[in-house]
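Asker: Here is how the chains run, residue by residue.
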Amino acid sequence: MNKFLQKCLWLLMFVAASSNAQTIKITGKVTAKDDNGPLPGVSVVVKGTTTGTMTNGNGDFTITVPDKKSILTFSFIGYAKREATIPANGNLIVSLDPDSRQLQEVVVTTALGIKRKAKELGYATQSVSGKDLTKSKPTNLAAGLSGKVAGLQINQANNQIDAGDQIRVVLRGNRSFVGNNQALLVVDGVTTDLSYMNSINPNDIESVNVLKGANAAALYGSAASNGVILVTTKKGQSEGGGSITFTNTTMLNKLSYFPKLQNQFGGGTDQDAFGFPQFTPFENQNFGDRYDGSVRGIGRPLPDGSMQMVTYSDRANEKKNFFDTGLDEQNDLTYSGGDEKGSVFINAQRLDSKGTTPGDKANRTSFRINGTRNYKNLSANYSIDYTQRNYDKSYNQVYNNVINTPSEIPLSQYSDLQSLYGDPNNFYNDYYQSPYQGLQLQRQNERKDALLGNLSLNYKVNDWLSLLVRGGISTSTVIGKYTQAAYTYSDFAKASGKAIAANNTQASESDYDQFKSRYNGDFLATFDKKLSKDFSLKFIAGAQYIDNSQQDIGVGASTLVIPNLYNVGNVLGVPSASESVLHSRQFGVFGDLTVGYKDYLFLHATGREDTDSRLAKSNRSFFYPSVDASFVFTDAIPALKNNAILSSGKLRAGISKVYMVQVDPYTLQSTFSTGSGFPYGSTAGFSVGNVVYDPNLKPEQTVAKEIGLDLGFLNNRVTLETSYYYEVTKDQEIKTGINISNSTGFSNAVINTGSGTNKGYEITIAASPIISLNNGFKWNMSINFSHNQNKATSLYQGLNQLSIGSSNYIVVGESYPRLLGTDYVRDPQGHVVVNSTTGLPTVANALKDFGQTNPKNIIGATTSFSFKNFTLTGTAELRSGAVFYNGIASTLDFSGVSYTSAEGGRERFVYPNSVIQTSPGVYVPNTNITTNTGGGGFWADGIRNNVMSNYVVSADYIKIRELSLSYDVPASFLRGIKFVKKASIALVGRNLFMFRPKSNIYTDPEINVGTDNAQGYNNLNQTPPTRIYGFTASITL
Amino acid sequence: MKRIFTVALLALSLGACKKSFDINDNPNSSTNAYPGLVLTNALNTTATTTTGSYEFYRFASPWIGYWNFSGSVSGFLEERSYNITSNYSGATNTWPNLYDNLEDYYYLEQQGKTLNKPYFVAFAKTIKAYDFQYLVDFYGNIPYSQALQSVKFIRPKYDKDITVYEDLAKQLDSAATLLKSSPKVASSDLSYDIVYGGDLTKWGKLVNTIKLRLLLRQTEIPGRMDYIKAEIAKITANGFGYIGAGETANVQPGYINSDKKQNPFYTQFGFTPATDKTTTGGHQYYLASKYSVDFYQNNKDARLGRFYTTINEGKGTTYVGRQFGPTATINDKIDSVSSIGPGLVAFPADASKPQPLITDFESLFLQAEAAQRGLISGDAKTFYQTAITQSFIALDLTAADAAAYYNSQPVANWDAPVNAGSSLSAENVSYDNKLVLIIKQKWASMNGFNDIESWCDYRRLGLPADIPISNNPAATTRKVPVRMPYPQSEYNYNPDNVLAEGTISQFTSRVFWDVK
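Going down the list, the sequences are from chains A and B.
Our numbering applies: residue 1 is where the first sequence begins, and numbers increase by one.
Our numbering applies: residue 1038 is where the second sequence begins, and numbers increase by one.
To be clear, the hints were calculated from the coordinates, so they are not data collected in a lab.
A few of these clues could be false.
Below are the DSS-like pairs computed for lysine-lysine, each with C-alpha atoms no more than 30 Å apart in a straight line [to be verified]:
#1 B:K1297 <-> A:K393
#2 B:K1337 <-> B:K1221
#3 B:K1217 <-> A:K848
Partial list, derived from the structure: chain A residues whose beta carbon lies under 8 Å from chain B [what the hints assert, rightly or not]:
#4 I473
#5 N504
#6 S670
#7 V691
#8 S741
#9 I751
#10 S755
#11 Y761
#12 L795
#13 T838
#14 A846
#15 L847
Backbone N, C-alpha and C fix where the C-beta goes; we use that ideal spot for every residue, glycine too.
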């Protein structure tokens, strides 16, 4: 074991060959014996020295040795170590035997950076290498992880320029009703805000290890029940004296999956006396008459009496063409190097983005320095990462405006606001400003700075005791400004009756400023001792201190004196101001004990006592234990050893208890808020706050049980990992409080509220390779399947449902959260009951339960084909078992641009499958009573567009998340260019295809109003999903 | 090296010392407040959520013939067709607004007892009655006995509307008693009362006026007269009397023409703080109704030009109202129809005017009705004519204008009340002509001051009988709704109790005092 660890250290910290006059240069190639494929990354070391190198992508290596008698050792994870002597011709071909037993020696980074052997682990973890993460060159980590980890669900809620900040990351479904269910993010041992996922440069990542359950994460304390995403960034490596890599990635983003729209009827809202739709030249609704190709005037007459003339026909592409093709250009420059005393890794990255919304742009600049340094028994690791992001975007709801535009309107002709028809005074629409004007008038500028630093010192006191102290800091600053420019309409426009011109647009501005910091201090003492021939013991004692603080300040001027001088001091009247400060501390002491028996049975127990400043003195300290066991039966049972088929097998089980404080600081005591409008001059006024608190709030408790079976077949070419988990969460903490009847005098209550269970299983099957041919063709495949089912078992005081926002509810006895909403009055068979006079349905008071908003099943599949220097990889993901509500469709019906609203030709119709009540409880099928209108009166006036059941559809989908085709430039070609060590080029695409049920004619079900627990609810504030494709080129010097 | 670790350990354990966890005192919001400060905000909120709210006009104004919808905006089908549901914002907003406001008075009442300041207790009881009355008038049976008590009753039960009303009468009696026996308001507390500046006598009048309003609501309940008379006897006994001319219960925290600090009615239906006259959404959406424009015009009522502008926001020369009901067309626009007038929202002066909770003229009309019914002493005619005078004055007209009106216009003539309209109500109930006259003139005065009162009078009496009913094609029940449905939030968060109230119909589920 120790030897292997040494090898790993070797791998991590390579040593440059010191050349002198007598040296001999050796070149060679390392292949795998099982498939004869080249083995990249194999450590090649001159025995007895610190001289070494690694094989490149083709398995080739070059090394200088002191003399002919030198012996080279070759080692690589999963293969038996091998030694070779120097051949006379200086060219060495080596093939390595796979070693199934060595796979068990794989070292996994677990909680608090503790490295443990995979075979010891009694819980589920899954690693994704940096290389696998970045195959499709995502600009943020979350996109790279999608579909690659069983039980991990990543939702991209929006696709605007700052989309990377709008992600939801959940492991193993929801436990907490309203509290945080998102995974904890730990970068190089430092816990950081999940939003940092969008700051970190994916190219800096060495590997990501996902600790899925509470057992794995118990040492992290409060935040652990949601699992942990452990990111390890790259350390410097030497490939013969350090290397410099330059990578350029250029990606195009194109909006895809627009909702299906009608193309038959143009602008209008009124009907004539006979009920026929009438065209209105300046209308924003689409209830005009049918397109007939005639030439018609649109808008109002201009000062010269003329009108813009267009053919009255569909111009569907105008809406798509409004949006730009987004562009992400990412340039990376990396230096990696090191020697026996340490290593250094430096990366600088610049990402420039142009959004799909015209005029939106963003950039990200980041610098990272990671280093290691060794002095005798002391080793030091440090990293500093600084990221600055800048956004310049419009906050105008431009998508809403564009998509609802009547189809005869030649939208793209208005892009120039100085042009005749683009001029806001002359713009055709009476009620809405031109979207181009909206983008110009309403802007948001934001700068985000994030700094992450950590230093850890590891001191090896003797061969069984080592001490680690680590300090980490993570801070972020956000500074932003919203501006609304003034616009004054011409007197002619005002007098024309143009509704929007009645009032000039006033200039306003607001500023916001956020500072967040998090300090971590860890201390760990590790005792690692072989007690006897059969027993080993590892004990870790530690302490952790966390200090979190946040300050938000906002000021605003609702009217500016001098238009377009966006300074709060330029306010007309009194500026608005707000401030919020949050500060909390946590301290934990913990112990972690592992006892091993004969290297095949491991018992592991942890205990942690936390103190959290957010709770009252009496509740603030709490202890939680965990126990798990791992049994490697292929090592334990002699009959199973060296089996040709089953190469490894491990059974594991664990149980843990974790407490979590979900609430913000200061949520134990009711407050008084400044009354609306106050102070009026010197008159102050306060109001009893709307939230009631429980001063004795308890931490939320989760007890998690987990069992798993991990098998390896055919020399671990095929692996199967399975887990089943069952979690009970009680004393749920509702961060913003549960909604309560306003008649209590309050609207929300922050109280421990009920309990829920969460269970599921995960299966990962990986084959590497499935097929491997002698000509170099190789096919790898990995499939993960996860099924999750939770259930709310109780709420507060016999309540049976609880709203958590966006029409999501917790319903006792059901999975959560669920989408509940309005539906029509129906007969017992479910037919819609319509009025016998109007033919219209009525809305039922009770809410209908449409189903859960999180998928029950997620299947992720990653496959790669490689042949010679080409590699084709792809990742697909399937999700099923959830529903979602399309608020966008309600708006589209309202405006009459929806496909559905034109299906009946705007004629009166018999409501499908409807019945009429003839006497109480007696219903007869409705065959002839038509709705009193089939135009805007039906689609836009509430009876249709206010009823949720009309817009709830299945959220199932299959997505091809990633596709990439890469080509590594052959070494033989590079040999000519001496200074180039490696070069590769790849074509990459993300979210290229999505398959969804026919009923979903709207959008990607991942699109959501927010990233909290309430999912499955969208509106037109989100832009449609994007297809991303481009290329990346990398060269290493 | 060991020293480093010792230091590190020490630092960690220092950090963990118990005191460093006592950092949970709220630096953002106060956790206690002097009840006077709560009173100030509560009074302003009462104004903002009742007579100064959007909700008090959004449906009542068209239903009762004052305002109508502009065609420049879609929607309003719910109001036009009377097809309102538990999600209709006219129904969903008033509930939380008033209960939230009531919680402040609940706190004031408790604190007033604790601090032994009976006037705070009396103020709280008074406006609690005012708020709860509107909750009953909107919704009928409501949570009352278990309401406002935080999580003690997380799902408060509903009490019968009549029980609530009767208890409110008792609470008002108790408020009057407290006011009688209370010491003078401490000088340091005077400024918290942004209605009467600590004048307990005027508060007594307010108490009595609210109670009189409660009692008059119940006049049509068969066999209820004895109760009403007994309760009025208690009012008379306390000696405060009722709000008289010039004693309007005005809320004035110091409104100014600045964002969020304007008079609340002006904020909703007037203009933004911008220096160039910029209309608010409410001002754009609501235009004059034909029924009322015709009424003021035909009767040469000087208030016409105060309640409404001429067309095109005062730039035209004629007054035009539109018929309520049909789906508005694009021609129903501010440029061709009168809009809300300068008597209600004068730009920019009215941004800083006080917001009345109960106007003096409403009180005088109530007294006129009570006197006419023989419930109180005093001359009904005097009350009536003073009421009209005060209505004119509230619109910046003069007493002379008023006198000219009620002396020369048959429609306002006390001595020939037959001209005020048919004595038959909308429901074919026959009324004393004088009552018809009083209610008609009350209707003509309440426009834009408190449209809910006119809606309540219409529900109670069916007067004015000729209020136009919507002929919108979607209005299948051609009848003004008699209540608001319970808000959807109750079906979500207090389902058992609200469902026990049965299916609610806005046309038939009447409040107890509505017995037509």
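Asker: All the hints need checking, so say for each whether the structure fits it.
Answerer: We went through each hint and held it up to the structure:
| no. | hint | in the structure |
| --- | --- | --- |
| 1 | B:K1297 <-> A:K393 | holds (28 Å) |
| 2 | B:K1337 <-> B:K1221 | violated (47 Å) |
| 3 | B:K1217 <-> A:K848 | violated (54 Å) |
| 4 | I473 | violated (14 Å) |
| 5 | N504 | holds (6 Å) |
| 6 | S670 | holds (7 Å) |
| 7 | V691 | violated (10 Å) |
| 8 | S741 | holds (4 Å) |
| 9 | I751 | holds (6 Å) |
| 10 | S755 | violated (17 Å) |
| 11 | Y761 | violated (34 Å) |
| 12 | L795 | violated (10 Å) |
| 13 | T838 | holds (5 Å) |
| 14 | A846 | holds (7 Å) |
| 15 | L847 | holds (7 Å) |
When held up to the earlier numbered hints, the structure conflicts with 2, 3, 4, 7, 10, 11 and 12 and fits the remainder.
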